[in-house]
Every structure is written in structure tokens, then in C-alpha cells.
Amino acid sequence: MSRSIEHAYIVRHDDGTASGVWGIYKLQSAFQPIFAFGNGKLSVTAFEGLIRPFRDGEPQSPVSFFNTCPTVDRLHIEALTRTLHLLNAGACLPQEASIFINFDPSVFTDRSIADKALRDMRLVLHEAEIDASRVVCEVTEQKSASQETLYNFVEALRANGFRIAVDDYGADESDINRIKELRPDIVKFDAHWVMQLMESGAGFALLTAMVASFEQQGIRTVFEGIEEGWQLELAEKSGASMVQGFALARPELAPTSFHVFGKDRQMPVTVPDAGEAPATVSPSPRPKRAFGRKAVP
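Numbering-wise (the UniProt record's numbering), the sequence shown opens with residue 1 and increments by one.
Calculated from the structure, these hints are not laboratory results. Some clues are possibly wrong.
[What the hints assert, rightly or not] With a Cα cut of at most 30 Å, we get these calculated BS3-like pairs of lysine-lysine: (1) K237 - K41; (2) K116 - K26; (3) K116 - K180; (4) K237 - K180.
With the hints as extra help, turn the sequences into a complete structure.
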């Protein structure tokens with residue numbers, strides 16, 4: 001067992017949230033809202049969990065953090081980050097909102113490994129009082145993952161009652177035939193690829209046709225990386241189901257102010273002025289639970 005695993009644990013805080021420790025790093029959850037279009041309005045429908053590492057109190061790049069972790073530890077790191085996201089979602093997000101969490105299928109090389117990880121995850125869901133139907137599992141097609149590994153893992157997720165999202169569609173490893181095989185509930189389009197297509201009439205026509213094709217198959221679509229008003233306008237015109245990006249809301253560390261977004265919370269399809277920040281209020285987390293260690297004052 002590596003030193004980092006020996007020093008990995010979860011800390012529970014008085015406000016009901018949780019943080020994690022992985023060796024010299026402190027890990028915190030951040031959540032970014034995902035908005036759905038409807039009748040010319042945007043409403044918050046889901047949140048994506050994002051890990052935020054800190055070292056000696058200073059924020060670190062998530063990419064740099066994961067790159068410093070040994071490959072052999074990746075399965076354990078992913079379990080720790082998922083646990084944090086689910087505990088924090090139960091503490092400070094609207095109870096009706098969906099929760100997107102990321103999976104790397106390449107670490108689940110055997111069905112028994114996946115089944116154990118998902119059993120553990122269901123225990124965390126029970127602790128956090130979150131129904132499995134609220135959880136959307138984002139899978140990214142990694143070069144190290146064989147097609148068989150990917151398909152088997154997705155079937156294991158589906159058998160446990162989770163919804164499936166394919167992340168970064170349009171990136172190098174994506175393929176329309178793989179979408180047909182995986183039969184996801186949601187496809188998240190690669191942000192850079194979407195922006196490229198939006199820059200020309202022919203590209204936008206292709207984008208619109210792809211969205212329509214997915215919708216006809218019952219697959220909802222998400223455009224990520226929306227940072228400007230014209231992108232939001234074109235996303236709506238393309239027929240995309242959902243959008244996510246800094247133009248709408250930035251990620252917030254748990255505890256967040258996002259509990260104020262209920263199912264009926266809507267906003268016009270407009271972009272805030274530069275420098276304008278969403279209103280924040282003090283969160284009302286659920287009572288703290290006993291999962292993990294108690295923080296030392």
C-alpha cells in the first residue's frame with residue numbers, strides 16, 4: 001500500500017460538508033450548475049462535481065494533482081473524490097437536482113472491481129440521502145480503456161440505477177458508433193469542438209443536425225464551456241438541451257450558495273454583465289453526519 005493511501009481520509013465539518021486528505025493534499029468539492037433551456041428561460045437542473053486540491057493552503061491545478069499521483073492509486077483517488085462530491089451534494093445542493101460525477105473507465109479493468117466500487121458508492125449515497133436516479137456518471141473515453149472494458153463498466157453503472165453521460169464528445173477518441181453501443185442518457189459535447197463548429201455556418205448546421213439526431217434517440221445534450229453571450233444564443237438555436245459555463249455560473253466550493261436554486265428557479269437566456277456575480281446567501285446544510293473524521297477546531 002502506498003504512503004498516500006495510508007494517509008487518505010475524509011474530514012467532516014460543523015457546517016455538514018466534507019473535505020478529503022490525500023497525503024500532503026487537502027481536497028475540496030466544487031460544484032458548477034448545469035442549466036436547461038425551456039420556454040426562453042434557463043433553469044438549474046443539475047450540478048457537476050469538480051475536485052479542488054490544496055497544498056499548504058494554496059490551490060493547485062487538478063491536472064497537476066492527478067499527474068503527481070501514481071497510476072496504481074488512481075482507483076482509490078477516484079473513490080475518494082466521488083465520496084466527497086456525494087457527501088457535499090447531500091449537504092448543500094437542492095434535493096431535486098441531478099449530480100454529475102466523473103469516472104475514468106480505464107481503472108475498472110475487471111467487473112468485480114467495478115461492482116465493489118459501485119457497492120461502496122451506494123453506501124455513500126445512503127449516507128448522503130441521495131437517490132441513485134439523481135446521479136449522472138460521466139465517462140470519458142480514455143485511450144487506455146478497451147472497448148470491452150468501457151462497455152462492461154457502463155453496463156455495471158446502468159445495473160446500479162445510475163444514468164450515463166459520455167463526456168467530451170467530439171474529442172479525438174469519440175466515435176458515433178460507440179455512442180450507439182453505449183446508449184447513454186446524455187452526451188456532453190467537447191467545449192473546444194463546439195466553439196469551432198459555431199464559428200461557421202456549415203459547422204453550426206452540422207452541430208444542429210447532431211443535436212437533433214441525439215434528441216430523436218432520446219439522448220439529451222450538454223454544451224460545456226459557454227463563456228460568451230453569442231455562444232449561449234447559438235446553443236439555444238441549435239436545440240441543445242443543457243448548457244454549462246462561466247457565462248452562466250462559476251464553480252463554487254462547498255458549502256455553496258446553490259441551494260437557493262430550486263426546480264422553479266429560472267432566469268432569462270441572457271448573460272450577466274462583466275464583473276457581475278450571482279447573488280449569494282448563507283447556505284442551510286443538513287445536519288452533519290458521522291461519515292468520516294471530525295474536523296479539529
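Outcome of the hint check:
| no. | hint | verdict |
| --- | --- | --- |
| 1 | K237 - K41 | holds (13 Å) |
| 2 | K116 - K26 | holds (25 Å) |
| 3 | K116 - K180 | holds (27 Å) |
| 4 | K237 - K180 | holds (25 Å) |
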